[in-house]
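**Student:** Those protein sequences? They're chains X and S, same order as listed. For the first sequence, the working numbering assigns the number 328 to the initial residue and increments by one for each residue that follows. For the second sequence, the working numbering assigns the number 2 to the initial residue and increments by one for each residue that follows.
Since the hints were derived computationally from the structure, they do not count as laboratory data. Everything numeric in this text was worked out from a predicted model, so none of it was measured. Heads up, some of the hints might be wrong.
[Unchecked claim] Just so you have them, the derived chain X footprint on chain S, three or more residues with Cβ under 8 Å:
| hint | stretch |
| --- | --- |
| 1 | 7 to 13 |
| 2 | 63 to 70 |
[To be verified] One side of the interface only, derived from the structure: several residues of chain X facing chain S at Cβ under 10 Å:
| hint | residue |
| --- | --- |
| 3 | R383 |
| 4 | V429 |
| 5 | R432 |
| 6 | P441 |
| 7 | V444 |
| 8 | S448 |
| 9 | P452 |
| 10 | D454 |
| 11 | T457 |
| 12 | R464 |
| 13 | V473 |
| 14 | A507 |
Idealized CB from N, CA, C, for every residue including glycine.
These are the residues of each chain, in order.
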Amino acid sequence: MSKHISSLAPSVVVDTAAARVAVSQMIGRISLRARGDLAAVGQAIGVELPTQIGARAKADGIEVACLGPDEWTVLVSLGQIEKVEDALAALYPSLPHSMTEVTGREVTFTIEGPQAVELLSIGAPRDLSTIKVGQARRMFFDGATVVLWRDAETSFRMDVWNSFASFLATTLETGAKELAAELA
Amino acid sequence: MIQIHCPYCGETLPELEFAYAGEAHIDRPESPSAQTDEEWAEFLFMRQNVKGPHFERWRHLHGCGRFFNAVRNTITDRFYITYKAGEPRPDLATLLEEDNK
Ligand SMILES: [Zn+2]
């Protein structure tokens with residue numbers, strides 16, 4: 328397991344009538360690249376790998392999103408990291424693939440509230456309505472590459488690399504306050 | 002803003018998610034050490050610099066991450082087609098004809 332560092336501690340970034348943004352608890356993250364017998368890879372992880380870019384799957388607390396034609400991000404509890412790593416390592420001789428634990432690389436923001444979509448639109452050039460509930464996308468947000476998970480119409484998670492986290496937190500804080508000011 | 006269709010994602014997305022990556026369909030010589038300096042320079046540096054429909058590479062940098070090919074008009078910025086890396090070069094006359102319909 329890599330050394331776990333995180334630039335932002337779990338906390339509320341901003342909480343307004345428009346949107347609430349918080350930094351989540353640390354979770355395990357694995358970057359996975361694989362081709363070929365994806366069923367075997369899914370079996371090792373314990374979740375069937377979705378193959379449509381943007382699609383997600385979840386089982387036994389392990390959550391997977393398909394980011395590219397041969398790329399997935401895998402979210403697991405800290406206690407499950409070793410189990411998943413061992414299962415993939417056992418598969419490696421028969422099915423070479425790339426598995427990298429990136430737990431310490433990112434933090435996750437939760438973004439929710441009546442104007443969560445408006446808040447995201449200040450930094451995202453893409454049409455957010457094309458990301459359906461239950462999907463995820465890697466995308467551009469205010470100069471950084473992020474992974475956005477849409478959990479409900481107005482409830483999102485955003486995985487952000489540490490080096491961008493405090494900057495994006497400021498963007499989200501300013502945006503949430505401005506949107507709330509417009510409501511007032 | 003230009004909208005670009007990513008053939009891997011199957012979505013048409015803003016230009017900001019993409020990065021231009023130069024002329025397409027340039028094969029790296031099989032054995033570089035067998036090349037003369039002139040041949041190698043030709044491969045490394047010489048490009049067509051087309052005015053009009055141009056076969057070029059793009060990368061969906063802030064998305065799926067994949068490189069793909071496109072035919073774009075360098076005057077109008079119109080994209081006639083985008084297609085996956087490794088797929089054959091489409092026929093330009095057919096593309097332009099389709100586009101005129
Ligand atoms: Zn793409």
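**Student:** Now, for every hint given, state plainly whether the structure supports it.
**Tutor:** Here is how each hint holds up against the structure:
Interface restraint, the stretch 7 to 13 of chain S with chain X: holds (4 residues with C-beta to C-beta distance below 8 Å; minimum three). Only when three residues or more bring their CB closer than 8 Å to a CB of chain X does the claim for the stretch 63 to 70 of chain S stand; here the count is 5, and the claim holds. Residue-level restraint check for R383 of chain X is violated (minimum Cβ-Cβ distance to chain S is 15 Å; threshold 10 Å). With 10 Å as the threshold, the beta carbon of V429 of chain X stays out of range of chain S, its nearest partner Cβ sitting at about 15 Å, so the hint is violated.
A cut of 10 Å between beta carbons decides the hint on R432 of chain X: the least distance to chain S is about 16 Å, and the hint is violated. Interface hint status for P441 of chain X: violated, as the beta-carbon distance to the closest one in chain S is roughly 25 Å, over 10 Å. Contact between V444 of chain X and chain S, as hinted, is not supported at the beta carbon level, the nearest pair being about 16 Å apart and thus beyond 10 Å. With 10 Å as the threshold, the beta carbon of S448 of chain X stays out of range of chain S, its nearest partner Cβ sitting at about 12 Å, so the hint is violated.
Interface restraint check for P452 of chain X: the shortest CB-CB distance to chain S comes to about 4 Å, inside 10 Å, so the restraint holds. The restraint placing D454 of chain X at the interface with chain S holds, with a minimum CB-CB distance near 8 Å, inside the 10 Å limit. Against a cut-off of 10 Å between C-beta atoms, the interface hint on T457 of chain X holds, since the closest Cβ of chain S lies about 7 Å away. Among the interface hints, the one on R464 of chain X holds; its C-beta lies about 7 Å from the nearest C-beta in chain S, closer than the 10 Å criterion.
The restraint placing V473 of chain X at the interface with chain S holds, with a minimum CB-CB distance near 8 Å, inside the 10 Å limit. Restraint check, A507 of chain X versus chain S: the minimum CB separation of about 27 Å is more than 10 Å; hint violated.
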